[in-house]
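Asks: Next come the chains, spelled out residue by residue.
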Amino acid sequence: MNRINNLFQTKQKNILSVFCTAGFPELNSIVPVLEELQNNGVDMVEIGMPFSDPTADGPVIQYSNNIAINNGMSLKILFEQLKGVRAKIHIPLVLMGYINPALQYGIDNFLRDTHACGIDGIIIPDLPMYEYENFYKNRFDEHHLKNIFLVTPQTSKERIRRIDAVSDAFIYIVSSNAITGGSANIEEEQKEYFSRIKKMELKNPLVIGFGIRDKKTFDTACNFANGAIIGTAFINAIDKSKNLKEDIQHFIQSIKN
Amino acid sequence: MKNDSKYQVDDKGYYGQFGGAYIPEMLHRNIEELQLRYLEIIYDETFQKEFQSLLKDYVGRPTPLYFAKRISDHFNTNIYLKREDLCHTGAHKINNTVGQILLAKRLGKTRIIAETGAGQHGVATATVCALMGMPCIVYMGEVDIERQSANVKRMKMLGAEVRPATSGSKTLKDATNEAMRDWIANPVDTHYIIGSVVGPHPFPDMVARFQSVISEEIKKQLLEKTGNENPNFVVACVGGGSNAAGAYYHFLDNEDVKIVAVEAAGHGVNSGKSAATTILGKPGVLHGSKTLFMQTEDGQVVEPHSISAGLDYPGIGPVHANLFESKRGIFLSATDDESLQAAMLLSKLEGIIPALETAHAIAVIDRIGAKKDDVVVVNLSGRGDKDLDTYVRELNL
Chain U
3 MNRINNLFQT
13 KQKNILSVFC
23 TAGFPELNSI
33 VPVLEELQNN
43 GVDMVEIGMP
53 FSDPTADGPV
63 IQYSNNIAIN
73 NGMSLKILFE
83 QLKGVRAKIH
93 IPLVLMGYIN
103 PALQYGIDNF
113 LRDTHACGID
123 GIIIPDLPMY
133 EYENFYKNRF
143 DEHHLKNIFL
153 VTPQTSKERI
163 RRIDAVSDAF
173 IYIVSSNAIT
183 GGSANIEEEQ
193 KEYFSRIKKM
203 ELKNPLVIGF
213 GIRDKKTFDT
223 ACNFANGAII
233 GTAFINAIDK
243 SKNLKEDIQH
253 FIQSIKN
Chain C
3 MKNDSKYQVD
13 DKGYYGQFGG
23 AYIPEMLHRN
33 IEELQLRYLE
43 IIYDETFQKE
53 FQSLLKDYVG
63 RPTPLYFAKR
73 ISDHFNTNIY
83 LKREDLCHTG
93 AHKINNTVGQ
103 ILLAKRLGKT
113 RIIAETGAGQ
123 HGVATATVCA
133 LMGMPCIVYM
143 GEVDIERQSA
153 NVKRMKMLGA
163 EVRPATSGSK
173 TLKDATNEAM
183 RDWIANPVDT
193 HYIIGSVVGP
203 HPFPDMVARF
213 QSVISEEIKK
223 QLLEKTGNEN
233 PNFVVACVGG
243 GSNAAGAYYH
253 FLDNEDVKIV
263 AVEAAGHGVN
273 SGKSAATTIL
283 GKPGVLHGSK
293 TLFMQTEDGQ
303 VVEPHSISAG
313 LDYPGIGPVH
323 ANLFESKRGI
333 FLSATDDESL
343 QAAMLLSKLE
353 GIIPALETAH
363 AIAVIDRIGA
373 KKDDVVVVNL
383 SGRGDKDLDT
393 YVRELNL
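Residue numbers (the numbering used here), protein chains in the order written: chain U, 3 to 259; chain C, 3 to 399.
No lab work stands behind these hints: they were computed from the structure.
Among the hints, a few may not be true.
[Unchecked claim] Facing chain C, according to a computed beta carbon distance under 7 Å, are these residues of chain U, among others:
| # | residue |
| --- | --- |
| 1 | Met3 |
| 2 | Asp55 |
| 3 | Ile71 |
| 4 | Ser76 |
| 5 | Ile79 |
| 6 | Asn102 |
| 7 | Leu105 |
| 8 | Pro127 |
| 9 | Asp128 |
| 10 | Gln156 |
| 11 | Asn179 |
| 12 | Ala180 |
[As the list claims (entries may be wrong)] For each label pair, taking beta carbons as the anchor points, the in silico distance ranges come out as:
| # | chain 1 | residue 1 | chain 2 | residue 2 | range |
| --- | --- | --- | --- | --- | --- |
| 13 | C | Thr298 | U | Gly86 | 21 to 29 Å |
| 14 | C | Glu52 | U | Lys159 | 31 to 39 Å |
| 15 | C | Asn272 | U | Gly108 | 50 to 58 Å |
| 16 | C | Gln19 | U | His92 | 38 to 46 Å |
| 17 | C | Asp59 | U | Lys205 | 57 to 65 Å |
| 18 | C | Gln19 | U | Lys139 | 14 to 22 Å |
| 19 | U | Glu189 | C | Gly161 | 24 to 32 Å |
| 20 | U | Phe137 | C | Ser55 | 41 to 49 Å |
The structure displayed is predicted, hence computed values, not measured ones.
Ideal placement from N, C-alpha and C gives every residue a C-beta, glycine not left out.
Construct the complete structure from the given sequences, taking the supplied hints into account.
Replies: This is the structure:
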């Protein structure tokens, strides 16, 4: 069974997922970061594939993308780094990034190498459902990769149903009308939106992301979904880190305890 | 309203293999609304009445098609200049902003955002926002704020807020990223007036339709002046390509009319400091559409260079990518220096100081193979007031 499906079958609540840009803060950081996240009880990791023009992301994630690109990170190098990662890492891993680098790598090569590294799913924010269903779905299925869609406060009920129908991993609930790295508290309006989706009783589990940055926002999000994703706050926590092990432990424990 | 042309957009939003709407879910609702409604709105009778009336009385259309005798003698052919530089605000950009603000009103939007390179689109957006009493935020690269300071001042006087884009090359591509982020954060009340034929479908087609008034007028005016509505050549500069899209629009399906697109070569196409997309770029997805743009082997966007802020963009609109791939268009490029000299030439021979962007189109006239009796229409997309500092500095005036 796919590790993502397995995770949501064995654990229904408080799933902690962390996003980290590959190649940040150092070119070779991603595998040690994965190990520390797993050691500290993180349930799933989104590995960011850096892109020069990440239009759905805020300044912090764009900064981490630029550092990673300047460090020399590319899909080719990322796949080399992730070769053999499954000897050590057993939690689900998802690749997340914009479509252009994957197109240049060649979509079929990209899917083949993603699967070969033991990656379970892919999130491509700028690959719309229409393009996915018509041009990509068969190829994702062929390589046993789950495609994960985003839902936002603007997504209609009918579209959420369609997204639920074509998904079988989890649905990524974008917490507000915002790019990543927002700093506002979770407001009543958002809670209504989360409740609205929860009440739809979708077949896929729900994970909330964007603006989740500490214990308080994580716990609130987990009241409405199976778990939550922390990205920007984690990037800040390991920026210029002198001791990844300590900094990651400190950050993750601050969320969990 | 739809047509069967192989050079116009198809019903899925593509031009050949280029185009589409590669957008994050956050923009889906806005883009879908536009896709479903733009044609119905802009071809509605009351919309057309208001649009045509503003083009006539506010923008100053039709703009003249001027037979430029002295520069024709110089190049030994017949050159007609389509005087978009005489539009209100000094460039063709306002044709599109008038159309889009009327559309935004009909969509119930109350706040306008835009990106700008040379500042002409920013000024044109700020202008129509003042006209309609709507708040306006213009994103502009820090580098462009510096080199196009006159336009920044104009935008401020018109009541717009100019927000600097400080990431990447701090030019047009980065301003576009910032505008998209703003739209993601403000999807309900805001309309994003994209200034070129770039972005997700339907923007490239919508902007081309608003700019198509240029070629509509050329046909009428040329018929009056020469007895033939079709020239041998239509020449325009291409950054994203909105003035070119407008100048070509009604000629695309007549293959007897040669379409010439002029890109910015910067210091030279092989210098590493260039914006000649069709030579240096390859297909990929940027700013919401599949098109040609300059990128590394790994698919990271390469930062372009042009002395002209309006052409300093790593890609071209999908309509132009298709004109290039299908070989319908002849793609040439002009360097910074060639364009400066061309601006000087037009100023001296015709008493017209062109925008630096437009000067690129003038710079290639001797390379298109026009014969003595041929008719060459050059789209004079903008005037050079905004570039005076650059001209004074670079030409030692």
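Asks: It remains to establish, for every hint, whether it holds in the given structure.
Replies: Hint check:
The restraint placing U/Met3 at the interface with chain C is violated, with a minimum CB-CB distance near 27 Å, outside the 7 Å limit. Given the 7 Å rule on beta carbons, the hint for U/Asp55 holds: about 5 Å separates it from the nearest Cβ of chain C. Of the supplied interface hints, the one on U/Ile71 holds, with its beta-carbon coming within about 6 Å of a beta-carbon of chain C, less than 7 Å. Annotation: U/Ser76 was flagged as interfacial toward chain C, and the flag holds, the nearest CB pair being 4 Å apart, inside 7 Å.
Hint on U/Ile79 is violated. Least Cβ distance to chain C is approximately 9 Å, over the 7 Å limit. Hint on U/Asn102 holds. Least Cβ distance to chain C is approximately 4 Å, under the 7 Å limit. Annotation: U/Leu105 was flagged as interfacial toward chain C, and the flag holds, the nearest CB pair being 6 Å apart, inside 7 Å. For U/Pro127, the shortest C-beta to C-beta distance to chain C is roughly 4 Å, which falls under 7 Å, so the interface hint holds.
With a cut of 7 Å, the hint placing U/Asp128 at the interface with chain C holds, because the nearest CB-to-CB distance is about 5 Å. Because the smallest distance between the Cβ of U/Gln156 and any Cβ of chain C comes to about 4 Å, under 7 Å, the interface hint for this residue holds. Here the hint on U/Asn179 is kept, as its CB sits about 5 Å from the closest CB of chain C, short of 7 Å. Given hint, U/Ala180 at the interface with chain C, holds; its Cβ is 5 Å from that chain's nearest Cβ, closer than 7 Å.
The hint said 21 to 29 Å for the Cβ distance between C/Thr298 and U/Gly86, and at roughly 27 Å that hint holds. Taking 31 to 39 Å as the suggested C-beta distance range, the pair C/Glu52 and U/Lys159 conforms, at roughly 35 Å. Range check, C/Asn272 to U/Gly108: Cβ separation about 27 Å, and the 50 to 58 Å hint is violated. Between C/Gln19 and U/His92 the beta carbons are some 41 Å apart, a value that agrees with the proposed interval 38 to 46 Å.
One distance hint, 57 to 65 Å for the beta-carbon pair C/Asp59 and U/Lys205, holds here, with the actual separation near 58 Å. Between C/Gln19 and U/Lys139 the C-beta distance comes to about 19 Å, which sits within the given range of 14 to 22 Å. At about 31 Å, the beta-carbon gap between U/Glu189 and C/Gly161 stays in the expected band of 24 to 32 Å. Distance hint for U/Phe137 and C/Ser55: a CB-CB separation of about 44 Å, consistent with the stated range 41 to 49 Å.
The structure fails to meet hints 1, 5 and 15 from the earlier list, while all remaining hints are met.
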